[in-house]
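Q: These are the residues of each chain, in order.
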Amino acid sequence: SQQGEEDPQALSIQEGENATMNCSYKTSINNLQWYRQNSGRGLVHLILIRSNEREKHSGRLRVTLDTSKKSSSLLITASRAADTASYFCATVRSGSARQLTFGSGTQLTVLP
Amino acid sequence: NAGVTQTPKFQVLKTGQSMTLQCAQDMNHEYMSWYRQDPGMGLRLIHYSVGAGITDQGEVPNGYNVSRSTTEDFPLRLLSAAPSQTSVYFCASSYRDTHTGELFFGEGSRLTVL
Numbered sequence: 011s012q013q014g015e016e017d018p019q020a021l022s023i024q025e026g027e028n029a030t031m032n033c034s035y036k037t038s039i040n041n042l043q044w045y046r047q048n049s050g051r052g053l054v055h056l057i058l059i060r061s062n063e064r065e066k067h068s069g070r071l072r073v074t075l076d077t078s079k080k081s082s083s084l085l086i087t088a089s090r091a092a093d094t095a096s097y098f099c100a101t102v103r104s105g106s107a108r109q110l111t112f113g114s115g116t117q118l119t120v121l122p
Numbered sequence: 053n054a055g056v057t058q059t060p061k062f063q064v065l066k067t068g069q070s071m072t073l074q075c076a077q078d079m080n081h082e083y084m085s086w087y088r089q090d091p092g093m094g095l096r097l098i099h100y101s102v103g104a105g106i107t108d109q110g111e112v113p114n115g116y117n118v119s120r121s122t123t124e125d126f127p128l129r130l131l132s133a134a135p136s137q138t139s140v141y142f143c144a145s146s147y148r149d150t151h152t153g154e155l156f157f158g159e160g161s162r163l164t165v166l
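Each protein sequence line maps, in turn, to chains A and B. Using the numbering used here, you'd call the opening residue of the first sequence number 11 and step up by one each time. Using the numbering used here, you'd call the opening residue of the second sequence number 53 and step up by one each time.
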């Protein structure tokens, strides 16, 4: 069964706007990761946040983690057309470090 | 470095046929895994390996076999293909397990079973 669920399923914004995607999960986790997938390609790792961290930045990406609400958000600032892709959250459950469980993804479209 | 290489990229099978999807990585990663991706389902883990000679089942292992005789290679075998196995298959590897690091993905193998 899927651990993470992204919201919204699809998001369309104008270039230059910020994009926020949310992820909720069900069980205690060790870490949470975000991946990007361009159409027809493999997934690319974006950022990892551990269960004892609340916020992490990488370039135009900002990830937050609220373990009390079992949720995470990915913010992409000043979006570009090249950010158009599907974004997935993935969790490593506590005590199960060998399995990464993915959500169903958010399809982001950035309009030029 | 080539990273994670999957072959073939596309394959069409008839029901009941068998085949092997190949996966190779040149990063000396201990951890390798196979996922399938279906529309609206995200990625689901089929099998994984934490080192040569060690494999284990993931969420959806039925109908698939794996082996890990070398660090570099992790083939996925479909024993008797069924239409339900029509999917895009991704191989991924990591330096150790997912506790510490990110997964590196191949470009995928698109399989159609008629």
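Some hints here could point you the wrong way.
As the list claims (entries may be wrong) - Over 12 Å on every C-beta distance to chain A, these chain B residues come out as not near it, computed from the model: (1) SER70; (2) MET71; (3) SER101; (4) GLY110; (5) ARG129; (6) VAL140.
Unchecked claim - What the simulated footprint calls covered on chain A by chain B, stretch by stretch (three residues with Cβ under 8 Å from a Cβ of chain B suffice, anywhere in the stretch; the number is not a length): (7) 27-40; (8) 111-117.
What the hints assert, rightly or not - Partial pick of chain A residues on the chain B-facing surface, computed with a CB cut under 8 Å: (9) SER78; (10) PHE98; (11) ARG108.
Don't read these hints as lab results, they were simulated from the structure. Beta carbons: idealized from backbone N, C-alpha and C, even for Gly.
Q: Now, for every hint given, state plainly whether the structure supports it.
A: Hints versus structure:
1. SER70: 25 Å, holds
2. MET71: The claim stands: B/MET71 keeps its Cβ more than 12 Å from every Cβ of chain A (closest is about 20 Å).
3. SER101: 9 Å, violated
4. GLY110: B/GLY110 not clear of chain A: closest Cβ-Cβ about 6 Å, inside 12 Å.
5. ARG129: 21 Å, holds
6. VAL140: For B/VAL140, whose nearest Cβ neighbour in chain A is about 9 Å away, the distance does not exceed 12 Å, so it is violated.
7. 27-40: violated (count 1)
8. 111-117: Per the Cβ count (5), the hint holds.
9. SER78: 22 Å, violated
10. PHE98: This interface hint holds because 6 Å falls under the 8 Å limit.
11. ARG108: Hint on A/ARG108: holds, closest Cβ of chain B at ~5 Å, below 8 Å.
The structure fails hints 3, 4, 6, 7 and 9 (numbered hints given earlier, in ascending order).
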